[in-house]
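Student: Next come the chains, spelled out residue by residue.
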Amino acid sequence: MSEKLDAYYGLPYKVKFCKKCVISNQRPSSTVEFKNEKGEKKKVINFNEDGICSACAYHDEKETGIDWEDRDKKLRDLLAQFRSDDGSYDVIVPGSGGKDSAYTAHVLKYKYGMNPLTVTWAPHLYTDIGWKNMQEWMHTGGLDNILYTPNGVLHKEMTKNAFHNLLHPFQPFIVGQRIIGPAMAKKFGVKLVMYGENQAEYGNSIEENTNPIMNMDFYSSDNALEMKFGGLSMQEYIDSGNYTKDDFAPYIAPEKQELIDAGVEVHYLGYYLKWDPQECYYYAVDNTGFQANPVRTEGTYSKYSSIDDKIDPFHYFTTLIKFGIGRCTYDAAQEVRNDKITRDEAAYLVKKYDTEFPNIYFKEFLEYIDTTEDEFWKTVNKHRSPHIWKELSGEWRLRHTVAKNGCDD
Amino acid sequence: MNKIRVIARIDVKNEFAIKGIHLEGLRKVGNPNSMAIDYYKNGIDEIVFMDAVAAYYDRNSLSNLIQSACKDVFIPITVGGGIRTVDDIRIALKSGADKVAINTAAVQDPDFINKASKIFGSQCIVSSIEAKKVDEDKWEVYTDNGREPTGLDVLEWVKEVEKLGAGEVILTSIDKEGTKKGFDLRLNQAVADSVSIPIISSGGMGNSGDAIHLLKNSNTDAIAIASVLHYGLENIQDIKRALLDNEIRVRL
Amino acid sequence: MKIAIIDYDIGNVQSILNAFENQGVCAFLTREKNEILDADGVILPGVGAFSHGMGCLKKYNLIDTIKEYVKTNKPFMGICLGMQMLFEESEEFGTTLGLGLISGKVIKLPIQRSKFEKLPHVSWNELSNKNIRWDGTILNEIEESSDMYFVHSFVATPKDERNILSTTEYSGYEFCSSVKKDNIYGCQFHPEKSGKIGLKIIDNFVKICKEKNYE
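In the order they appear, the protein sequences are chains A, B and C. Using my numbering, read the first sequence as starting at 1 and increasing by one per residue. Using my numbering, read the second sequence as starting at 1 and increasing by one per residue. Using my numbering, read the third sequence as starting at 1 and increasing by one per residue.
Don't take each hint at face value.
[Said to hold, decoys possible] Below are the DSS-like pairs computed for lysine-lysine, each with C-alpha atoms no more than 30 Å apart in a straight line:
no.	chain 1	residue 1	chain 2	residue 2
1	B	118	A	132
2	A	245	A	187
3	B	138	A	132
Keep in mind the hints are simulated off the structure, nothing from the lab.
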């Protein structure tokens, strides 16, 4: 292949797969979502000179290089600083009642004696199982919760813009999701916010893993009007005449100084406790009434991960389009690292499920973003980077896959 | 009243025994061969080995395990998971299994049960049914280790497999399995009342009380237990004695 | 000590081989006439349909061989279908002739099939001796009421009561669970699948073979 192909989003030109797990070097790292603009260059996961991704490298570190007893002690010391003795909430746990937040909140309350308030940034469209699990989190798990549902009219429009401008329908959701923890902490006068896993586990820079604290940039802003949603700034939405700043109340990131003054700290429990997502599933079933998806989740082989939002499958579908890797790749890579499946098995699963189209909620998704099927595919196809996709007789094929069945493999 | 069989169900992935919840999750719990020997020595009546990932990988790979287990375990062994063709059955039986459990292949081609029972005999062919509750007294058949709904009604399907020649049924409640919160009593009652072939109830046992409750209130013939044994919650002799104390006949 | 297990493409023979090996005896699979006649003891395994079993014996020309072997007075044991085929005929799928080595027929378990009374009979069930002496037989030193593993829908009904070695009850019906006629034994249950007690029965058979051949 001699022609030089375009690589959108500034992605690495040559597609490579980790030698240990199945993730590719196209996987984007976490970003400050409210700065996400159309056409911006993506930072991606790092591969070392042995062809091993930073998530795998971090996992090895987790297994052998970390003194977990010491980390537990650090956790206890940390919690002792914040634990209330007057019945007030002393830690905010953002989450959906899925396996990770179910584990986080429950273990903080019932093992470590904290008084958590869980806060849920509402999914776009609850699945039945997602709603059930959220309720069980309270009714069986014995926890308090605030469910925060933003103005659907605005949210839908932002999601629509995000889909068409960024092919990233979840972008506005993620903005709100990152903010809600610290924002609620400030409102309730609680200083500690505890998330579950550190996204660094999945391939952000390894340095981020040596820090239990989330980078403030993710959830604070000094100029709310410049925050971007679906590629448009808050100011642009207001200028359109359809919205005022009032409508953006849920999305306005607290100012850095306000948070510093309030003493708000955002930590990752994954820094202190050795994280295994599948073990979170078992814990959640045993303790918070969690139930897996009754059927296999589309685009993957599993039933226990990320099952509360009908729009969720389209998040993964768009990562498939933009980066060549879908939901199964993410699930399988995690399970390889945590020694549940072998790399060969993972590659087989990716081949089998990664490109499966999420049909079940497709109609609802189109309705949600007020888009026709034709428009959907037009947008999708615009975002296929030529270095990842090739059109052959009217069909789009991946050039490279981990199972080596891409059309250029 | 017949003696109730207490059967150990060991889900297998590669060389490990695993235990999930709702047929999901691959937590390793031990070496399947040693576990089988251990349970045999402690008085279990039968062993069922299920290949938990056969559906994922379009393979079945328990022959080696069966061959090993047969050398030291002299009670009936059933193998399931990925049994798709007559050849698969032949290989399983040749390796030493006494029975094979068939689910997905039978749903995709019901005649497979008919053919298999004619060739190998009904006593070799166990219909494995994974049931998920969809409404009061209504359950749906699932395949592929609890992943794919089929639209089939469990009560209709079990009558069908009896007609086709299955010798037994192993009935797994997806809702209850791995939870240790007790069997799905209504499911087992309804299925056992629908047919005249033996039913093995699987999914949900956390303690002897669960077994007693099920056996005293249904016409089921055997229980397949997993978590309670694999996590060491109760031992086999204690379970059997508890059953006997409650007037449920078992082999000691 | 040479124990031949008849290989006619039926039955879970691996377990039987393993059971003998467990007792320290090397058993082998064969359908060769001279190997069978030459053995110190012969096992006829079998599961499934009577007519299919007899058909396979015919296919491999084993019927005469078995009859010839039995005449040598060396020990012979049929297991499950193997025991049923010792008899004159079976009513399964119309009448099929058996080996005719023991007088009597094979009939379907005469129970009313329902959700309470299941068929096939799959369970651990007790042996009764009904004042029959078990000393020196395959049930030597086996305790009465021992549980053995059964899986069948048909049973043998020996004409001569003296051929009955043990009985077992299922759903109120008492059937013949093992037989003995001179050097011929039959077990409706599976000794190779009945745990320690089953292995003792295998061991008893081996002892009988030893006595017969090396006295």
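Student: A separate judgement is required for each hint: does it hold in the structure or not?
Tutor: Taking the hints in turn, this is what the structure says about them:
With a C-alpha separation of about 46 Å, the suggested pairing of residue 118 (chain B) with residue 132 (chain A) is violated against the 30 Å cut-off. Among the hinted pairs, residue 245 (chain A) with residue 187 (chain A) is consistent with the structure: their alpha-carbon atoms are about 19 Å apart, no more than 30 Å. For the suggested pair residue 138 (chain B) and residue 132 (chain A), the alpha carbons sit about 20 Å apart, so the restraint of at most 30 Å is met.
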